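S.K.: Each chain is listed here by its residues.
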Amino acid sequence: MTRDELVTYIQDTFKDTVGLLETGRAEPFFMIKPEDILEFSRAIKDDPKLRMDWLNCISGVDTGEHFEVVYTVASVQTKIRFDYKTVLAYDNAEIESVQSVWPGANWHEREVWELYGINVKNHGNLTRFLLPDDWDQGHPMRKDWDAPDFKRMPEK
Amino acid sequence: MGIVKKVPVYLEKIPGGSFVTTTLDYVFSQSRASSIWYMLFGTACCAIELMATGASRYDFDRFGMIYRSTPRQSDLIITAGTITKKMAPRLKLLYDQMAEPRYVIAMGGCTVGGGPFYYDSYAVEKGVDHIIPVDIYIPGCPPRPESLLEGCLALQKKIKREKMNDWS
Amino acid sequence: MASYAAVLVFLLLGIGLVLVTFLTARLIRPANPYKAKNQTYECGETPYGDSWVQFNNRFYIFALMFVIFDVEVVFLFPWAVAFNQLGLFALIEMVIFIAILIFGLVYAWKKGVLKWV
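Protein chains in written order, with the working numbering: chain A, 26 to 181; chain B, -11 to 156; chain C, 163 to 279.
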């Protein structure tokens, strides 16, 4: 289906939970509330017209004002691809794990926890694995993280 | 090794002994410089340039340099690629497991001083001389094979200047 | 008896060569052992687990097959050298010998020993 067909189909099927973001990119980008993530993920996987069976990645973002978690999903069978994200506040940032929908989300969620500190409920194994073994300096990708040998690019 | 360490000192006391010492210096250092076996240590993009330099157009073998996979049989470690904080203890152990005389060439911007990862990186060790002592620095991102060859020739010149008195 | 003296000289020269090279190398080379250097090599990681692992017995069987056919070749060489002076009897006898060993090879082949994986 074309991009517009996809957008209209998703907006009709998930009326309240989805909001379309205008990014100007080729693939649609939707905004979801954090509590609807698991249900939405399961629905798009099971939907016969979408069949999104491939989770490309889960990324964390720190915009300076809030956290975001971006899910990029694709379908091997229908060749559709789109992204959706949630916005989380800095305090008590938590999302539900989507491992039951796509088992490959295990490591992505572990990475999001490790680098941002966003807690993932029902994950089962939130331990450090990308950073060095003796890492004790917190969650490095946050905007307010600092370390003695860490230098930010100076403003021009 | 205990006997040979004292030989240059005693040799130079004999009249004409320093001729022997300098000839032996020349022989040993020339042989060491003409046959530097480097360890295949490539972590990132510079490894591709290392492989290209070892391939047919910019050959390493004509300088006597062949690759060895294990530090036990190599004289030189060319750190080709970014060294992260997680990799640093492993690199130190690999350097420790090389037999003397051993040399290090820091290839590429990341190993010289952080390179493109100097700003805004939490995981990169900014400069491989925080971990192991370096003999030659080759800047570039990645350095062209000609650059790497010039660095190896500079290392050969450095080895040829060594004297028996300085052996550890 | 006199020709055996040459063998003794060669033997002593051989032993002497090895001893002289090892001794010279031992005197000249630097030796600086310390704990990290003497550790077992494991690509930079600290060594983990036992290094005495159980080998698959296909290695043993391949080596055994090699030894058997190598000994067969050792018997073939003098026969081939003196072939012109030997008669028909020696030819038939050697053919029987090779046939017995080929029978053994066919047996091993059918048993699946030659398949490496």
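The set of hints was computed from the structure by calculation and includes no laboratory data.
Everything numeric in this text was worked out from a predicted model, so none of it was measured.
Among the hints, erroneous ones may be present.
Stated by the list, open to error - Computed list of lysine to any residue pairs in SDA-like fashion (alpha-carbon distance at most 20 Å, straight line):
{"hint": "1", "chain 1": "B", "residue 1": "74", "chain 2": "C", "residue 2": "186"}
{"hint": "2", "chain 1": "B", "residue 1": "73", "chain 2": "A", "residue 2": "34"}
{"hint": "3", "chain 1": "B", "residue 1": "74", "chain 2": "A", "residue 2": "104"}
{"hint": "4", "chain 1": "B", "residue 1": "148", "chain 2": "B", "residue 2": "16"}
{"hint": "5", "chain 1": "B", "residue 1": "148", "chain 2": "C", "residue 2": "197"}
{"hint": "6", "chain 1": "B", "residue 1": "-6", "chain 2": "C", "residue 2": "260"}
{"hint": "7", "chain 1": "B", "residue 1": "80", "chain 2": "A", "residue 2": "156"}
{"hint": "8", "chain 1": "C", "residue 1": "197", "chain 2": "B", "residue 2": "19"}
{"hint": "9", "chain 1": "A", "residue 1": "104", "chain 2": "A", "residue 2": "167"}
S.K.: Name the hints, by number, that the structure is in violation of.
M.R.: 1, 2, 3, 5, 6, 8 and 9
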